[in-house]
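Protein chains in written order, with the numbering used here: chain A, 1 to 305; chain B, 306 to 802; chain C, 803 to 1111; chain D, 1112 to 1483; chain E, 1484 to 1815.
Treat the hints with care, as some may be off.
Which chain B residues face chain A? A few, computed with CB under 10 Å, are given here [claimed, not checked]:
hint: 1; residue: D344
hint: 2; residue: E489
hint: 3; residue: Q492
hint: 4; residue: T532
hint: 5; residue: G684
Honestly, the hints are just simulated from the structure, not real lab data. Here a beta-carbon is modelled for each residue, glycine too, at the ideal position from N, C-alpha and C.
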Amino acid sequence: MGTYIAGRLAQMIPTLLLIVTIVFFLVYVVGDPVGLMLGDNATPEQVAAMREAMGLNQPVFMQYLNYIGSVLTGDFGESYQYGQAALPIVLERLPATLTLAIGAILLALVIAIPLGVWSATHRGGVIDSVVSSISVLAKAMPNFWLGIMLILLFAVTLRWLPVSGAGSWAHLVLPVIALGTGTAAEITRLVRSSMIEILSQDYIRTAYGKGLRRRAVVYRHALLNAFVPVTSITILQFSTLIGGALVTEVVFSWPGLGQLLVNAVSQRDMALVQASVFVIAVMVLALSLISDLLFKAVDRRINLG
Amino acid sequence: GCGGVPGTTSEDAETGADNEPQTLVWAHSVDPRSMDPQDALQTSAERINRNMYSRLFMRDENMEVVPELVTDYEQIDDETWRFTIREDVTFHNGDPLTAADVEFSIDRVINDETLLEYQFFNQIASVEATGDYEVEIVTEGPMPTLLTLLSKSGSDILPSGYIEENGMDAFIDSLIGSGPYQFESWQRDDRITLTKNEDYWGEEPVWNEVEVRTIPENSTRVSELLTGGVDIIADVPPNDWDRVDAEEDISMQFEDTTRTVLLIVRMTEGYVTADQEIRDAIDYAIDQGAITESLFGGHAIPTRTRAPLGVFGANEDLYDDYVYDPEQAAEIVENYGETPSVTLTASRGTYPLDAEVAEMLTQMLEEVGFEVNLEILEGGSFSDVFSEYTNDELYMIGLADGLLDASYSLVHYTEQRAAGQTDYSNETVEELIAEGNRTFDDERRAELYAEAQALVAEDRPHIPLYVQPGAFGVSDTVSWAPRLDDNVIFDDVIPNE
Amino acid sequence: MAESVTLDSAGTESAPPRPPGSSKRRSWKARLRSIPLSGWIGLVCVGIPAVVALLAPWITPHPPASIDPSQALLPPVGMEGSDPAYLLGTDNLGRDILSRLIEGARVSLMIGVIAVVLAGSIGLTVGLVAGYYGKWLDAVLMRVVDALLAIPSVLLVLVILGVLNPGMWTLIFVLGITNWVIYARQIRAEVLELRERQFVRAAQNFGVPGPIILIRHIMPNVLPSFIVLSTLSVATVIVTESALSFLGLGVQPPDISWGLMLTTGRDYLATAWWISTLPGLAITFTVLGILLLGDWLRDALDPRLGGRS
Amino acid sequence: MPPGHRTLRRDSPGGRRGRQELSLLACGPAAGRTEGGDPAVSTSVQPPVQPAQTESPLLQIENLRKTFTVRSSLLGARRELVAVDSVNLSIPAGSTLGLVGESGSGKSTLANMVSGLLAPTQGQVLIEGNRVHDGRGRVSLRGDQGAQIVFQDPYSSLNPRMPVRRLLAEPLQVAPRVPRAEREQRVKELLDQVGLPESAMDKFPHEFSGGQRQRIVIARALARRPRLLVCDEPVSALDVSVQSQILNLLKDLQKELGLTYLFIGHGLESVGFMSDQLAVMYLGRIVEQGPAHQVLGRPVHPYTQALITSSEAVPFRDGGTVELQGEIPSPLNPPSGCVFRTRCPLATDICAEKRPELTPRESTRLAACHHR
Amino acid sequence: MTAETAAQELLTVKDLRVSATRRESQDLHVVDGASFSIAPGERAALVGESGSGKSVTCFSVMGLLAQNLRVSGGSIRWRGNDLATAKREEIRRLRGPEIAMIYQEPLTSLNPLMTIGYQLKEAARRSKVGRREILEMLDRVGFADPRRIMGQRPHELSGGMRQRVMIAMALIGQPKLLLADEPTTALDVTIQSQVLKLMYDLSYEMGTAVLIVSHDLSVVRKLSDTIHVMYAGQVVESGPTDSVLSQPRHPYTRALLSSAPRLGDTRERLESIPGIVPTPDQWDAGCRFRSRCPLATERCAETPPVDVVADRSSACWHVDQLLAEQKEATPL
Ligand SMILES: Nc1ncnc2c1ncn2[C@@H]1O[C@H](COP(=O)(O)OP(=O)(O)OP(=O)(O)O)[C@@H](O)[C@H]1O
Ligand SMILES: Nc1ncnc2c1ncn2[C@@H]1O[C@H](COP(=O)(O)OP(=O)(O)OP(=O)(O)O)[C@@H](O)[C@H]1O
Ligand SMILES: [Mg+2]
Ligand SMILES: [Mg+2]
């Protein structure tokens, strides 16, 4: 067990290196920030001088080696926009995005599990069709669109909730709904299909055969077995959610990682891009490790190793 | 105003607090990239800095340059100036503001070439504190715009003692100035909070607290205004102007800006736009009036020059004017031989309705026979094209005049600056600008610039479209009128009873 | 085989008549009849946009890009102030929404379908190969998948669009190469299980080469989940395109897509809801159709369901 | 006659030669003597007892061992599970070796190793003198040269998405390929051979009954005319009438094509019916071995004895008893000494100390027991 | 059908018909006209061709038919109440303490994620049986260390162990009727007979009636008192085990018996029934065995009469001829 975790952690290192490398070259290909930094009235000489000062005139490979060297020592460089080390800026933003993403996932699960179960147990019926249509609708609504609609309805017209910004729990409600709805739709479909599969298993019949009530069979026996597929898709959704969070954050002017990353990319702030991607990557990889351990705890048949 | 807590509208907040105005909340669309006052070069940063720092000069509401810290000044010769400053000014940390701080601040911006403001200040050769409250500035050659420059962003006076003691990083975290409001906190991409400077040397500041929020999404910003979450918003999107205005307790406030939306035309050999006639045809084909009327409801002003009215040296004859003659344009295109094909590069959302304008331009050009390849780029790539000089025939951009002086706008028509971008060169224009730049006689200087603009308007290295309006939504809880320089002086905002 | 042993079993008897439902060589009429209602609804929901997209140049009532500011923001017919010439109203530049929807169908469907095909084929191949051959190949491929999963796809999109010219094909390419990892993961997981199945081992026992086992035995069995993934993915891609438009990265004029309409219309949600709601409904309608078609296709491909429910 | 068809063998003297030999080659000097009374071999010539064999056996298993590494729980340590332990067997061409044993005793594992689907941990499997595994975890004999296997569960060994036509054609597409034109014909022949109508070709596996599926699996295994067919419990899930059809079919095919079978089963009746030689496995080891009728008629090992007694259908109400009591051992934690001692009525102290070796009994048989 | 009164009987299945709904064509009857009954404490067996509807009949009694199946005719009387028309809730209450079932597939019938102990407790709860009794039951089904087994999960057990867990689970509630659907297929004969003996003893002690479904005639013979033979959805013959096995009164039963291999069989070939089972689409009112029956005549196309002799019944036109032939041949 301990060795397994150690092994997995060790495996993360090449993956992270791969990520850092991919991102380095991606950002390199996009171009450097000098033009953007100098603004409308810069002269070519200024640009050249700035490049030299930033070490951007060296061959790519040298730049890469230098970069990897400093990353290995935990230094992601300085964000030129903020004039500060990049990593702390990213870490400062992390809680906001995590709150949003976790909120959205929880919401998605709270909606998706009963709906998915409900439509699976009524497969082919009216309820099933209604749930399917709703999930298609939810999937077809981009989250920025939904976000704006929610603001117009709940904040502007009804005045129940604040429009934007972060602060109280009330600020969290709308962005979480906007972000979680699409995920909920996807998880609903998955819960439905896993439950259909599971409900046709022999052990479900055994459970009924004991005289258990339907609710007990469905929610205890069947749902437990849906845990692994549902959790793994939820984990997969997590990195998608961070991508979605970025748009939601803009709509609700939520000061999270997403906005930071978009700005960093469009401002070619390499250090900030790298640091954000790195933090997100570590999170995603850690989650996948945790989920694997969780699976193992639930389903002892899974052989890790 | 109020802090945007649910359920508490502005009214609630005020009644609950002895009717004394407490917090002004206002929102704009872009978060400052940096709060280093000499390294920001952004309207959004300037709007805050202007309230946090003092400068030697300032612009009053009529855009006149008037002394701020300076009590007295003289021009010793063409290149040397001496300034005496107030003695009762202290920084937010209590340090007195002296000539040493002025020297430190100006010295920094004229020497550190990594600062974004450096490019505007490099005509200043040196600065020296000649007494506790006396400073001497020497320029390279005659510099008629020095006082203007000293009122511009980047000329904020920084606390030299604090910075020398604690370093620049510490300063960026604490942002100590000497203006009416002092820095409280900055949640990036969310809000900047300022509080009243109780020891301000001037009139007592109006607000106890000012919160500047960044809300990038247009409709969210408007919604905040509608629900009373904020008192003032900048950049109300044109489609919401009527809606906002129709609200009972909110009004729209418009004002010109110095930002002119124009087409940068590539005149480089090999491009169809190297041909003067083609450039003429493009201008003839464009109905600026239709754009300003249908998209901006008449709040944008058509123009034929980059330097809009209000900027020193602007050519008034070219303002609120445009040439539209589709028949002639069609004729030129027909006689051209082949179908002229142009690429029009624009972005979406960088300026209000920019993509829509580009689409209208496309249709207008196509109607007279051009073949148009419309290319709408994401913000980052759009800026890359500009800074890397990779623009094709037409590139649509909004350029502002940060100095409010035509010398700033006209730089683009000098051969050196145009090389690689428009590749424009006109010896007469070159000479006119150069002479203007060293003339101290304001009247003469303005004439020279106006003449240059008239020539440029015919050569068409740029085809100006319109002056972009500043559109603010203002809640009735406050009274305020916007300024030409797009700045927001918090003390100009007066709470209504 | 004249000397073949005669057996005491069914072989010598004439085969009983086949039950009507299970005949394999059914006439096309019978096949059509066997499509369930939901399948028909799916066909209609996908068919209409598809046909409309094909016929777009001939059936748009107005040129879709033609700007006429004097006709701006007309509501759909039935609402106050509408103009019958513009059935579904106009947008802020006075362009006909219906015509734009018709024109946008082409781009949106192309993006949805081609990007999914691209992502699906990469993901399927990687998933099959990694799952079946395992060992270091699996380890390497899965690390790449992990890495790509961990890098926010927006970054990839931004970067690729920064290098290539924006446009429909670039978008298709970008969405294709950012979406394949999900397939790869899912398919690999199933292959891991399938390769232990007895029919696969039986094929190995015959000496059937690996690639053929993959194609002939394993692929058809991952097809159902592949179809489910793909149909959902079409929705994801169409919607992602619109989110990219939101960031200024999506389809750009003069091309029109539903996603772009949805995005540019969002500023008008409070004043002219139809500009962005109608394309949203078009997306919903199509996605629902694809989903139903997918469900039907999955059932139709399963011989165990041939004939009964 | 299609290539590779060996109908000739039925009539050739070699066709029956297998029955003359005994399959105990690897088991010591006493191996290889046939006793009278076996109807199948009664007419055969007595073979020499000495290892001087005229012909090597078709299948030879030498000292075969297979261990699996298992983990008992999340935090549990890895443990070795010995599924098959020092098994020696051989089957002469044209004859059948029956394998019975407790469930989980390693029969399927053995079958999988013989057919090349599982690599042994130790020892080797030879088919006509060629090694099935190259010793480095890879299979060197496959397809034509190797053994074909009929799995325990016919349904799961048929791809549910393929019609019978393609299922049966598949082995014919492996090099050396049967030309496309002939394939269809061959498929029909195969179906005919196993007694299925031609109309079965377009049906899918789920459309058949269990017995019919089993025949499809057998037909497929026969498609390449394997010399050795491994049948892993081909009939245990079927009702008796279908079961008898399959058994008859296998016997007929053996006669006609001269096939060699390794036949695994639970039902002593059916295994006894099929086999010439019989081996009894318990917890990974062979505990008894010899001519089928002898083993079943006069069992030596107490486990074999128990199997036979249990098979007798004496109603409980008429005093039917259960032969064996005691805990069934776990392969992860096998008892010391004789693995059967926990259930053995004869067990004494020596059984816990010393593991009994497989030693010759009578002239033709082997058994591993301290007491008999 | 035995001529006992309904009151004495625990379960009476009469003319049971189970239909499968199909999407595009008519409903298919998978059981059609099955009748038999079981008295309290009786041990009965259900044998017959694979696919003849044995499992489906058991599931109908439990009310656990697959979603696409339903009882479309006949009655299932449990102590006089018709289960076929009873409410879900009523049947649910019977499951466990009254009727319990051992399922055909022990490998898949246990929830893979729950401990054995939990699953047993769930089964015991309705009968208010405690942990001590559960441990005792595990001990009785042959586990040396019941406490450890309680904490384990199905995949940690061997097939035989799982099957014994299933048996313990079914018996823990001390049901009045135990339906055992091929409870020993995965076991070797020694363990098989151990398990059967256990079922026998428990049935004997607790007075539990048992209906065992099996292909293996030796199993049936060991355990059951009566036997019901099913063919193509119907019960074609019923009677005391010994007499049915020694003197079948239906040609199918006879064919079945003669195709079973025997220990020490010296036959070169086994007998088997020619032809294949008619599919449900081909079922008609006549005798369904007639296409494979050596005795078949034209008359067999009519519904065969139920021939009731003492405690035996069978449905065949040619019982007499059958018996005559048997006299000539050596008895089984
Ligand atoms: N892949 C595997 N990993 C770990 N253990 C295994 C594996 N395959 C088989 N075993 C174990 O090896 C032993 C022998 O299994 P095998 O399937 O050969 O038994 P068997 O004699 O065929 O039993 P049955 O009669 O039930 O089919 C069992 O204890 C089984 O649990
Ligand atoms: N859910 C279902 N839908 C349709 N047909 C079914 C279903 N379940 C079973 N059947 C059919 O009903 C018939 C009887 O099945 P059942 O399982 O009762 O047979 P059985 O007598 O138990 O056979 P075996 O001995 O093989 O277990 C079979 O023809 C089977 O194909
Ligand atoms: Mg086995
Ligand atoms: Mg059954």
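Okay, which hints does this one fail, numbers in order? Going through the list in order, the structure violates hint 2 alone and respects the others.
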